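Could you build all of it, start to finish, from the sequences and the hints given here?
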Amino acid sequence: MFERLKKLLTISSIKRRIQLAFLSIILILCFSGAMSLFELERVSHDTEEILLASKQNVDLASDMIAALNEQNDAMINMAVIGGKLSDIAPHFRECENSIKHLTFAVERAEMIMSNTETPTATDSLVMFTNRINALAKSYINGEVHSVIAADTLSNATPHSWYVNSYKPEYVNVSKQITKYMTGSESTLGPDVNRLSHTARRAVVPVFIALVVMFVVVLMFYFFLRHYLVKPVLRINRALGDYLRYRIPFDENIACRDEIQTLRERIANLISKLR
Amino acid sequence: MRVHVVIRYIGMVLQFIASFMLASAIVSMLNDYDSAYYPLLLSSFLTALLGFFPLIFVDKVDEINTKEGYAIVVGSWFVACIVGMFPYLIWGGEFSIINAWFESVSGFTTTGASILNDIEFLPRGLLFWRASSSWIGGIGVVMFALVVLPSMGKSRHMLSNVEMSSIAKDNFHYRSKVIIRILTMVYAGITLTTTLALKYSGMTWFDAVTHAMSSCSTCGFSTKNASAAFWDSPWIETILMVAMTLSAIHFGILYATITGRRNNIFRSEVVRTFIGMMVVIAVVIAISLVAEGVYPTIGEALRHASFQVVSLTTTTGYATADTNTWTPLAIALLVFCSVICGCAGSTSGGMKVDRLLIATKVIRNRMKIQLHPNAVIRTKIDGTVRDDSVQSLVMTFIVTYILLVLLGTIVYALFGCDLTTGFTASIACISNVGPGFGEVGSMSNFSGLPAVLKFTSTVLMLIGRLEIFGFIQLLFIRSWR
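Here the protein sequences line up with chains A and B, keeping their order. Quick note: the first sequence uses the numbering used here, first residue 1, plus one each step. Quick note: the second sequence uses the numbering used here, first residue 275, plus one each step.
Hints listed in this document are in silico derivations from the structure and should not be mistaken for laboratory results. Treat the hints loosely; a few may be bogus.
[What the hints assert, rightly or not] Computed list of lysine-lysine pairs in DSS-like fashion (alpha-carbon distance at most 30 Å, straight line):
id : chain 1 : residue 1 : chain 2 : residue 2
1  : A       : 137       : A       : 175
2  : A       : 15        : A       : 230
3  : B       : 451       : B       : 341
4  : A       : 15        : B       : 334
5  : B       : 451       : A       : 179
6  : A       : 55        : A       : 100
7  : A       : 55        : A       : 15
8  : A       : 230       : B       : 451
9  : A       : 100       : A       : 137
[Stated by the list, open to error] Selected chain B positions facing chain A (Cβ under 10 Å, derived; list incomplete):
id : residue
10 : 319
11 : 363
12 : 538
13 : 602
14 : 603
15 : 610
Given the structure is predicted, the values throughout are model-derived calculations rather than measurements. Glycine included, C-beta positions come from ideal geometry on N, C-alpha and C.
What follows is the structure, encoded as structure tokens:
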């Protein structure tokens with residue numbers, strides 16, 4: 001049993017040797033190819049994730065700006081242009097909706113950033129948004145009018161309140177949204193870094209596999225030359241010498257395969273011919 | 275020389291290395307398929323294939339000659355270092371080609387120097403591979419393969435002879451097969467015992483295994499940026515010191531001690547000198563540190579001094595203190611330790627205490643002969659006479675070692691390193707110690723050096739690991755034919 005197994009594992013034919021050698025080369029190619037495909041797949045996946053995150057951030061910033069502008073328009077209509085209560089009533093609803101939209105967008109941004117390496121990046125945005133929303137709410141609730149009415153000394157009007165109190169907050173929130181839009185790109189930094197590593201990993205296996213393949217091909221050439229070409233040439237020369245000059249055919253070959261059998265058969269044939 | 279036979283044996287060694295890469299991939303798998311899993315798996319596959327290819331064509335050969343033996347041993351070390359780069363390169367991170375080569379050579383030669391600024395960032399699979407490479411290198415790439423791989427036949431004797439230095443063989447009075455078995459038993463035994471001791475002293479299983487592998491191979495690779503100082507535990511330091519000391523003693527003498535034979539560690543002149551030298555140097559350094567006010571108490575000074583002395587003398591290179599801040603006397607003594615190192619027949623590198631003893635006795639005898647020109651004085655170590663050829667070999671080794679250190683220092687200086695860094699880095703690399711002083715001190719690493727110096731360092735490491743002459747043989751490759 002053991003002898004049979006040993007015989008089975010012993011590679012003693014040229015055909016099997018060359019088959020195995022080619023199989024090894026194909027295996028290297030396939031494996032490195034598969035690895036590269038796997039890594040490239042990962043690169044593609046990571047790129048997709050990064051693009052998705054980037055798009056999400058831009059969409060959110062766009063929502064915030066739209067809600068802020070809607071609120072600002074409503075405030076201009078109510079505080080600056082003014083008019084009868086029936087004229088400005090629709091703007092109250094607009095303002096309330098814009099507060100909801102802005103709050104929702106900022107909360108989503110806060111939630112997204114909480115999962116990144118810079119969870120505090122939206123703190124200022126949240127703070128300024130709360131402040132502007134509070135101002136808008138105080139206007140809708142009539143608190144601003146009460147304050148203006150009570151302040152008889154400074155000639156305050158809704159218009160002056162808009163210019164002095166609301167507008168600066170509007171500018172602050174706009175700046176924070178712009179910062180969020182550009183700042184969120186930098187929070188993708190670690191992902192981009194990871195991506196560059198993954199991209200490199202996709203290339204290196206192929207490079208190493210190529211080097212290994214180069215070495216294997218060199219060895220293949222060396223072994224073919226040593227075990228196949230040289231013995232055949234030696235047998236050929238020895239046979240030629242025998243036929244031409246009757247020099248005895250005693251070429252000694254160190255391998256144990258078909259070449260050895262060929263040598264033995266030629267030697268047998270020569271001895272029979274004698 | 276039969277090149278195909280050499281390639282076949284190197285192929286067998288590669289298959290053995292591939293199995294360790296696979297083991298590291300399994301460690302990676304057990305750690306939630308960390309980022310080192312695919313790099314290790316791919317490296318293992320490529321290395322195994324590279325090793326298997328020659329076996330397809332070249333049949334088993336029983337007899338090999340000395341030249342082939344040298345070619346197999348030197349070639350195996352080189353190829354092992356090259357394939358050892360694969361996992362690092364594929365993983366990426368801080369590993370450029372030169373950095374991966376440095377880390378691989380440092381591991382296999384058990385130098386333990388590193389280019390990594392953040393070791394803790396490495397995944398566990400890669401850390402395990404790092405420790406494995408040092409463990410394989412500790413006993414010798416080829417020697418390890420001889421143990422594991424079957425059907426080496428009579429070539430086993432030749433390969434073990436070439437892999438072991440002539441001095442190391444002296445304490446072995448057995449056949450090659452038995453010597454290899456003893457080496458493995460002692461090595462595995464110390465590693466296993468150290469693992470258990472470290473585990474029960476507070477390390478995790480992973481840290482215990484990697485540190486046991488690293489300390490028994492006298493490499494000094496740690497899984498923490500702060501090295502052994504991370505645990506700040508006298509118990510762990512003591513266990514590591516014992517493991518390092520045992521690994522730096524001739525394995526044959528350790529085996530003789532365990533089996534109750536006469537030539538044990540208590541009777542060995544070399545071991546006595548080795549231990550005595552470490553004790554004296556540690557005490558002197560501790561006193562100098564307390565005198566200069568580096569440490570407030572003698573106890574603390576002794577704790578750090580003894581750890582650093584054992585670590586450098588055994589060529590391990592673990593650190594618990596920044597030795598750059600120590601007194602000039604302490605630094606000079608530590609450099610002396612880095613030159614002399616452990617005993618022959620162990621996993622440590624460097625000049626070896628055996629050679630120091632022989633050289634000292636040769637010098638003493640030379641002085642006696644000058645006084646008594648007709649006297650016949652023999653050089654004895656452990657009661658055995660060392661003939662002229664051994665004495666000549668030892669002196670040649672020492673001279674070559676000094677020349678190489680000086681040459682290394684010049685190369686370091688050429689590329690802008692200060693003298694302390696250049697001189698100590700040369701010694702640290704050629705003795706396979708790891709840390710030097712200056713820019714390459716115990717709390718820093720080799721990452722700041724230019725690529726050409728990193729490469730020079732790896733050449734010195736390989737020269738040191740192959741006991742100088744093994745490497746120099748390569749320069750006379752024409753004579754191999």
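These are the hints, each one checked on the structure:
| no. | hint | result |
| --- | --- | --- |
| 1 | A:137 x A:175 | holds, 21 Å |
| 2 | A:15 x A:230 | holds, 17 Å |
| 3 | B:451 x B:341 | holds, 21 Å |
| 4 | A:15 x B:334 | holds, 19 Å |
| 5 | B:451 x A:179 | violated, 73 Å |
| 6 | A:55 x A:100 | holds, 22 Å |
| 7 | A:55 x A:15 | violated, 59 Å |
| 8 | A:230 x B:451 | violated, 37 Å |
| 9 | A:100 x A:137 | holds, 11 Å |
| 10 | 319 | holds, 6 Å |
| 11 | 363 | holds, 5 Å |
| 12 | 538 | violated, 42 Å |
| 13 | 602 | violated, 44 Å |
| 14 | 603 | violated, 46 Å |
| 15 | 610 | violated, 42 Å |
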